[in-house]
Structures are given as structure tokens and as C-alpha cells.
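Number of protein chains: 2
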Amino acid sequence: MQADDAGGEDELIETTFAPLASGFPGALGLKDDCAVLTPAPDEDLVLTTDAVASSVHFFADDAPGDIAWKALAVNVSDLTAKGARPLAYLLSLSFPERPERAWLDLFAQGLGEAQAAFGIVLAGGDTDQRPGPLSVTVTAIGSVPKGRMVRRATAQAGDLLFLSGTLGDSALGLQLRQDPTRSAAMGIDEAEARALVERYLRPQPRLALAPHLLSFAHAAMDVSDGLLKDCGRMARAAGLAATLEGIQLPFSKSLRAALARRPELFETAVAGGDDYEVLAAVPPSDADAFRAAARADNVAVTEIGRFARGTGLTVIGLEGRPFVAAVTGWDHFPAKT
Amino acid sequence: MQADDAGGEDELIETTFAPLASGFPGALGLKDDCAVLTPAPDEDLVLTTDAVASSVHFFADDAPGDIAWKALAVNVSDLTAKGARPLAYLLSLSFPERPERAWLDLFAQGLGEAQAAFGIVLAGGDTDQRPGPLSVTVTAIGSVPKGRMVRRATAQAGDLLFLSGTLGDSALGLQLRQDPTRSAAMGIDEAEARALVERYLRPQPRLALAPHLLSFAHAAMDVSDGLLKDCGRMARAAGLAATLEGIQLPFSKSLRAALARRPELFETAVAGGDDYEVLAAVPPSDADAFRAAARADNVAVTEIGRFARGTGLTVIGLEGRPFVAAVTGWDHFPAKT
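Listed in order, the protein sequences are those of chains R and E.
Residue numbers for the first sequence follow the working numbering, beginning at 34 and rising by one.
Residue numbers for the second sequence follow the working numbering, beginning at 34 and rising by one.
Next comes chain R alone, as it looks inside the complex (with noise of 0.2 Å):
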């Protein structure tokens, strides 16, 4: 295998990733130390990380492709939920030993096409070997215009809760692609689980809702890490209460079909996170403009609840009731318990 392996570092990158910085001038093929990045007038640049690992985020076994397209797209939602439009992005890569040429390959094209999908380029980055989980560690830059940033603590009280897509498909999918054999069990057939898992693997940023969250919303950020968890942010930083209303939750088909038959992964919707939604505040007489600015550019958004004066999260369940989930979401560093 030694001659399908990759070279130095200097080779991996001319050979491998050079070619995904050439729509970047700046990049400089990434022949230098730095990039180098002329910011429009009248803009400001958003700017994320987020690193995704090895058996925490991803399995080692997923295919190197969709490894690649998820570093890219938890990135980019971020910036889409702010309504920024995506730049360019800075790569650090960790790996415990040489990767093959092949996986490298597919790892590349794979970033290829979340680049395109995302109309995103690569402007520099980092590679080095390791012991530890393979690891990609993306820092993406987008741009709004002048002081336009929407953010996470800036929604008031009556505004309404607006969520983007299907929630849940992404952490049923997880499910799936731990155990393929439970799909039967939920009343999901071939089809419809490879979908979701395809959801798991590749996120869809809702990169048309940018332009209409910076035209209507108060407040918005992507849920990653599970609805309650992250609606209970937004709350938290406004200052205000929140109710959802699980029964006006957007869910597939798939999982209204898995709902039916196993309820409890009512709390693995609302708290299981990776969905990569947008979760958006918007004052009530702006609401029907928003749905339909979003519906023309086919984002469905759906209203889910809303934000009043006083503090806390209240979920109302499927049945009616306040719901209390066991689980509020995915924090990246738990405290011990």
C-alpha cells in the first residue's frame, strides 16, 4: 500500500487540498503561511468554529466523504442562522496515523461538494499526524451587511418561535445507523431510513433562509445540539420564557410513521440534536411575510411557539401536557454527574 500512501505534508496539501483553495485568490494556493481576505464594503464578517471527531461526532467508519461535508456543513449553519452568507473556511486536520490516498481522495471530493453545495472555498489550513480520533477542526468565515448580524439574545417578548425543516430526522437516523434492524420496529422501511440516515450523515444548512432571517427575525441560531437545549438558550439570553407546542413540531413522515409505535422518541425529536435547523424569532406581524419569503425559496418554516415576558422553557408534550424530558440535550463537555 506504501505507494497509495500520502506524501509530506507539503505534497498532501499541493496534491490534495490546493485544488479546493483554487476559487480563492487569497488562498495563494495555499503556498503560504497565511491567507489573505479583502472584506466588501459595508460588510461584516461572521465568524465559527467547530471541530468534529472520530466516534464522538462521526463513526470512524462513515464514509470519507461524509465526514468531510459534515466539518463543512455544522459550520455553515452556523453562519446561515445569522443570515450570513459563507466566504471561505480554514481546514485543521488531526490524524493518527497516514491516511491512504484513497480515503484522502474521497475525502476530498467530499469537501468538494460541500463547497459547492455551501458556496463556500477553502482559504488555508492545518494538517498534522497524531495519536488520538481522526479529527476536523473548521473555522468558517461569512459575510452580512454592516452591523446586520442576527443574533442568538435579541428576540422579544411575543415573538414567534419559527423552526426551518423536519425536526428529529437526524437523530433518528443516528439510531439507524447504530442499529439498522430497528427500523421495523418504527414502522420505517428501506427507503425512508436511508434517508435518514443520509440526514445524519449529510446536513442541509438552510443556507436560502439567510437573506429572509436577516430581513425579518429578531433572534435566531441553528439547533445542533437538540431543540430544548438550544431554544432554552435563546431564552436564557433574551431574558424571556419560551413555550413550544409539540403538536405544531414540523416531523417527517418517517417519524410521525416511528412516533406512532414508540412515543418515547418524542424526547429523541425535541433533545437529540445534529438536526441543523434554524430556530428564528419572529415578531408576529412579520410572520406571514417570513413563511412566504421562505416558502418561495422552498424552506419550509414552521411555527412552534413563542417567547413572553419571565424565564424558563415550557414544552406542551403530543398529548397536551407539560413534558419533561429526561435528557435536555448534547453538551460537547458534561458535567460530572
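Fair warning: there could be bad hints in the mix.
Where chains are identical, the list cannot tell them apart; a pair therefore holds if satisfied intra-copy or between any two copies.
Derived DMTMM-like pairs: lysine to aspartate or glutamate, alpha-carbon spacing no greater than 25 Å straight-line [to be verified]: (1) K179 / E336; (2) K64 / D95; (3) K64 / E76; (4) K179 / E76; (5) K64 / E223; (6) K179 / D75; (7) K64 / D222; (8) K179 / E146; (9) K286 / D319; (10) K179 / E278.
These are calculated hints, taken from the structure and not from any lab test.
Please read all numbers here as calculations on a predicted model, not as lab measurements.
We have chain R; now place chain E onto it with these hints.
Relative to the frame of chain R, chain E by itself:
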């Protein structure tokens, strides 16, 4: 120890890292998913990312403050060599297990010291727990006047090669960090040994040099992977040949003493890496002005060679004969041999 342990991710960010972001309004107190940066008019942004990991780039029992300092310093050094002024950074931390509060406090203290020394502030980040070594990935952002970033590839034939500070102290410090008993055989006393180890642990980016690189350098880069390797990269990028004069290399008094007893340390000095000095290509007509400007800011710069038409890197050893290194420098990602 439980009470001394750090809390969950949100608490960790609020108590440990938010204070480090207080000088950067766009960090929004680390309470949003993204940071926002308003670029100054007429400035380009310079971007770089570098990761350090336990047992690879630092020792597991290094002081937490030193680990923090180094993670930030290696990135700021990249910015400085491009003529950039540091602005802000994002921090991605991976812990194999929950660190104790005392460790985190010291880590944050080291970050704070480095921030103050380098004039950079925390803008955002990401923290998670995963197997493998503690790793710290920094993405640093600096600014330069529009179109003025000093590149690696733009040296010209006839340019003189200048190096800041002294060479090899950090590589020697690493040897003494690994085995303090070596100092006696090197003729290095305890205070000198401490200073050398300190150079390895707390690199000092040559911030004061940045404006003078903008004024006088055709090309520049920081020396982090060893002078031979990095100078070779600079020559190759420009399509030029480079000659380095060993006798002109700036060695500290300690390194000279060690070289007198152990001549093989010449290779350690030129190939060892971790110098974080600036290598600059300056036209002969500007050499005196560059030297004087640097001296006025208390940075020594030494002429160590020159670029010429051709290819390849020639090093003239201390005895006046071409020097051939067994190892040419640090490869983050070594090719299998």
C-alpha cells in the same frame, strides 16, 4: 475533587473564557454561535490556523499557562511575518477528560498573558471532550493595509536574507526540557538553561518587526519548522536559489558555548524548528534602513544569506564547506520511509 471540576460546556465558557473575550465587542460575550468582526476600511484580513497537541507540540506536564501561550504565539508569529497586526482569534479545545478548575484557571491566565503581550483578543471558540491528546487549535486573524500582505513567494534574485533574533535556542531548550542533565556537557549554566527552555515554552513573536516588513521586505515567513526547511520553501516558492552562510547565523551566547563543545548541535540549530523568528527577503538597497528600523524597535535582524537565480538551498557550514543535513526540518505529517 469534584467540586473543583469544571462544569458543563456553557458554564465553562462563561466562567473561564468569556472574560478573555471582554475586549472584543463582536465576541458578544461568547454567548452567540458566531462572532462578528467589522473590518477597518482599507485593510485586508490575514488568516491562519495552527494546532498544538499534547506529546506532539508540547509536553503533557507543561504548565497550562505555557501551553496556552504557545498555542497563541505560534499563530501570532505567522501573522507577524506577513506584516499583519493581530486582531482576534478563535479557539478550539479538545480535552480527553474534564480538566480540573485549577488547570483551566492557569490555562486561561496564560491565554490572558499572551493576549496582552500580542494585542489580540478571543472572539469565539469551541470546546469538547474526546479521547486522544489535549489539543488546542487556534485560528488567528490580523490586519494589513489593503493589498500589502507580505508573501512567502515574492522574493527576488539578489535579495538579502535576514533573520530576526537568534537561531536554535528553542531547539536546544527542547533538548534541555527533555533531559536537563545535558546542560553540563554543553557548558551551559543553570540560568542559561532555564532561559533556553523558556524560549521553547514561550515563543515571542516579533511583533515589532511587522511594520518594517511592510516597508522593506519583498517576502517573509516565520521560521517554525527549522531554518533549512522554511528557507527551502521560500526559495522554491519564488523559483530561486538561496545560500545561507553558517558563519553569519545569529547564535546566542549559550548556543555558541554548546556548539564549541558539541559541533553536531549546528544541525539542531538550523533544522530543529520552533524558532518563531522571521525570515525576510530584503533588497540590498533597503538593507541598512531595515536593520536600523528593526534596531530602533529593539529587534536584532541579521543578514544570513541571499537569493539568486537558480534553484536549491546551499548552506555553508561553520568550517566554510557546504553543509548537508541528515534531517531538513520538522514535517507535521512525515512521508512514510
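Evaluated hints:
1. K179 / E336: neither (29 Å within a copy, 45 Å between copies)
2. K64 / D95: So K64 and D95 fail the 25 Å test inside a copy (30 Å) and across (32 Å) alike.
3. K64 / E76: between (28 Å within a copy, 22 Å between copies)
4. K179 / E76: both (4 Å within a copy, 16 Å between copies)
5. K64 / E223: So K64 and E223 fail the 25 Å test inside a copy (46 Å) and across (41 Å) alike.
6. K179 / D75: So K179 and D75 pass the 25 Å test inside a copy (5 Å) and across (15 Å) alike.
7. K64 / D222: Neither. Shortest intra-copy (49 Å) and inter-copy (41 Å) distances fail the 25 Å Cα cut-off.
8. K179 / E146: Intra 30 Å, inter 32 Å, cutoff 25 Å: neither.
9. K286 / D319: neither (28 Å within a copy, 71 Å between copies)
10. K179 / E278: Intra 35 Å, inter 51 Å, cutoff 25 Å: neither.
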